[in-house]
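Please arrange chain H on chain E, whose structure you already have, making use of the hints.
There are 2 protein chains.
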Amino acid sequence: MADDNTSMPAAKKAKCESGDVQEARKDFTGFVVDKVLNEVVQSKAIFVQGHFKGSDEPAVVILEKTAFDRDTLGDMLSSRMELQRIMQNDIYDVYNGYPPQNLNGISTRIIYPATERHIMKYTSQQVYLIEETAADYQNITLPSITSRAFSIQWVYNILDKKAEADRILYEDEDPEIGYLLAPDMKWDQTQIDNLHIDAICHKRNIKSIRDLTEGHLPLLQNIKEKGTEFICEKYGLTKNHLRVFLHYQPSYYHLHVHFTHINFDAPGSRVGQAHLLSDVIDNIQLQHDYYQKKTMTFTVREKDPLFQKFREAGKV
Amino acid sequence: MADDNTSMPAAKKAKCESGDVQEARKDFTGFVVDKVLNEVVQSKAIFVQGHFKGSDEPAVVILEKTAFDRDTLGDMLSSRMELQRIMQNDIYDVYNGYPPQNLNGISTRIIYPATERHIMKYTSQQVYLIEETAADYQNITLPSITSRAFSIQWVYNILDKKAEADRILYEDEDPEIGYLLAPDMKWDQTQIDNLHIDAICHKRNIKSIRDLTEGHLPLLQNIKEKGTEFICEKYGLTKNHLRVFLHYQPSYYHLHVHFTHINFDAPGSRVGQAHLLSDVIDNIQLQHDYYQKKTMTFTVREKDPLFQKFREAGKV
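Chains as they are written, first to last, in numbering that gives the first Met the number 0: chain E, 0 to 315; chain H, 0 to 315.
So here's chain E without its partners, still in its complex pose (with noise of 0.2 Å):
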């Protein structure tokens, strides 16, 4: 079904209304590909905007392969599978393999009259690489972070229990070292496959990695040790299945650590981004201000604007 909190046109919508449905295409006869908007080659997606010959109107297509299907899979590796090969040494041996055009089929989906914000929502935006030096920091991040007065009253509501009290997992009233356990909001806390529990501790005023010294250490330890027995007690599990991490940057100023299963392919785990508690804390116990001197490379998409302080500062 569709995921589109999109507004559609009135025309379109009376339509729906009307209870009409579109006669179902038998291929792509007359589509023009006009651009790619977006590609995700993970999940080997692409999002193309083009128009059928004849209308004014955009289309997007959106197209994913599929996982492979196993009651074909005996048919697919057959004579009827042609192969090309790319390379071969010693037992390896690497081809581009072509099924049966009926074994191989593609999701497909069509938008149309696909409208602006259609386009925007599958339009890709550049992701950037900064290597961010303590200087850098000073001169362009922090003033960026706050001058933008990122709003963090809702943390606060969090810690004061004035909002989301029922969602507590696990608390440490220590203003120092104290802190409290809560689901992160994209987890739905049924699969244990892909647990994900945030830490927010209660002491202010921590913003980032960027601010941790040796004077924090009884608070990351605190939220190593019991964040982590608490967790595995109550889910079943051992140390040797969370992985628990900060990031840089955050999505919010204040500092928080995540706990997630080692199954659990988290976006945000990624070397890059994704900081184990462990490494910060052997780190800061090496150099007191090890965080304050190091340059710190981080992911940014091109409309943030932190991304633009950098490239106005000509470091991109």
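Simulated from the structure, these hints should not be mistaken for lab results.
Some hints here could point you the wrong way.
A pair holds if it fits inside one copy or across any two, identical chains being indistinguishable in the list.
[Unchecked claim] Pairs of lysine to aspartate or glutamate residues, derived as EDC-like cross-links and limited to a Cα-Cα distance of at most 20 Å, are as follows:
#, residue 1, residue 2
1, Lys233, Glu81
2, Lys120, Asp303
3, Lys160, Asp173
4, Lys308, Asp278
5, Lys206, Asp303
6, Lys52, Asp33
7, Lys292, Asp281
8, Lys52, Glu81
9, Lys292, Asp278
10, Lys302, Glu115
11, Lys185, Glu38
12, Lys225, Glu130
13, Lys225, Glu172
14, Lys308, Glu130
15, Lys238, Glu130
16, Lys52, Asp74
17, Lys206, Asp159
Chain H only, in chain E's frame:
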């Protein structure tokens, strides 16, 4: 190139060293599917064990759907792409699409004959997170690596131009700070968005990050600077598009560095496995024996001999 840290049967090894090349297959005639070892739904990959009729030796076949080729999108979205409607609601239309066979290739890797280790490597298993102290490395990991005597002959074949010579993109022949760049075996070389190139150093006996000290800084900086420069120029990128990292544990114990496009959500780019080359250089500059002393966190599969060793030592 192959990313398999598995030993090869003696017969095959002799064959490889004599420079023989197996004849290319035209299709999968005679192939019988025995079982599905694993499936990665997110990336549309499946790992199959089977055999060729008349042979007792197993084969592992790895199929992975490929990203879309922008150059042939127009040909694909034409009258030649058959559509079967799944559902329709107002402006939203969902189909199964069947493009012409020749435009819908699948990345196909055949490992034949496959060893027990290959089969284990590609079989789905629970993953665990291990915190390896410096002492654990000396007492558990290092003896385990050494005793298993991983064959890296195939790496030496590449370095000595006995295999895959036509795949080398760039080479610095210096025995101390030199390396070559070659496309990773998992990259189809057509999509820049999932660019994946490996730098393999000429110097031997650097097993992993654990062996790196300040003496290796010139090598690491040479890879970071010249490798980045070469790739950016060849593919029209800037350094802000490239994620440059090493794995710990690596898939084979000869130092190599991965260059991937920032848009590519490479499975091996997660924290706890990937280490940014820039961070590695920074940390060694901060403390020359950082990677000998540091507790290293990594993920390991339950059937990996290394996991067994950690379990036997009571560390899991």
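Cross-check of the supplied hints:
In this homomeric assembly, Lys233 and Glu81 never come within 20 Å of each other (Cα to Cα): the closest approach is 37 Å inside a single copy and 32 Å across copies. For the identical chains of this complex, Lys120 and Asp303 are intra-copy neighbours only, at 8 Å inside a copy versus 41 Å across copies, given an alpha-carbon limit of 20 Å. Taking the shortest alpha-carbon separations for Lys160 and Asp173, only the intra-copy value of 15 Å comes in at or below 20 Å, while the best inter-copy value is 63 Å. Taking CA atoms no more than 20 Å apart as the test, Lys308 paired with Asp278 passes in neither setting, with 29 Å inside one copy and 23 Å between copies.
In this homomeric assembly, Lys206 and Asp303 come within 20 Å of each other (Cα to Cα) only inside a single copy, at 18 Å, whereas the closest approach across copies is 40 Å. For a Cα distance limit of 20 Å, the shortest separation of Lys52 from Asp33 inside one copy, 12 Å, qualifies, whereas the shortest one across copies, 48 Å, does not. Proximity of Lys292 and Asp281 under a CA criterion of 20 Å is satisfied in both settings, with 15 Å inside one chain copy and 10 Å between copies. For a Cα distance limit of 20 Å, the shortest separation of Lys52 from Glu81 across copies, 18 Å, qualifies, whereas the shortest one inside one copy, 34 Å, does not.
Taking identical chains as interchangeable, the C-alpha atoms of Lys292 and Asp278 lie at most 20 Å apart whether they share a chain (16 Å) or sit on different chains (12 Å). Taking CA atoms no more than 20 Å apart as the test, Lys302 paired with Glu115 passes inside one copy only; the shortest distance there is 12 Å, against 49 Å between copies. For the identical chains of this complex, Lys185 and Glu38 are neighbours both inside a copy (16 Å) and across copies (18 Å), given an alpha-carbon limit of 20 Å. Taking identical chains as interchangeable, the C-alpha atoms of Lys225 and Glu130 lie at most 20 Å apart only when they sit on different chains, with a minimum of 17 Å there against 33 Å within one chain.
Only within a single protomer do Lys225 and Glu172 lie at most 20 Å apart by alpha-carbon distance; the minimum there is 13 Å, versus 52 Å between protomers. Taking CA atoms no more than 20 Å apart as the test, Lys308 paired with Glu130 passes inside one copy only; the shortest distance there is 13 Å, against 38 Å between copies. For the identical chains of this complex, Lys238 and Glu130 are inter-copy neighbours only, at 10 Å across copies versus 32 Å inside a copy, given an alpha-carbon limit of 20 Å. Proximity of Lys52 to Asp74 under the C-alpha cut-off of 20 Å is restricted to the inter-copy arrangement: shortest distance 15 Å between copies versus 37 Å within a copy.
Within a single copy, Lys206 and Asp159 get their C-alpha atoms as close as 18 Å, which meets the 20 Å cut-off; across copies the closest is 51 Å, which misses it.
The structure does not agree with the numbered hints 1 and 4 stated previously, though it agrees with the rest.
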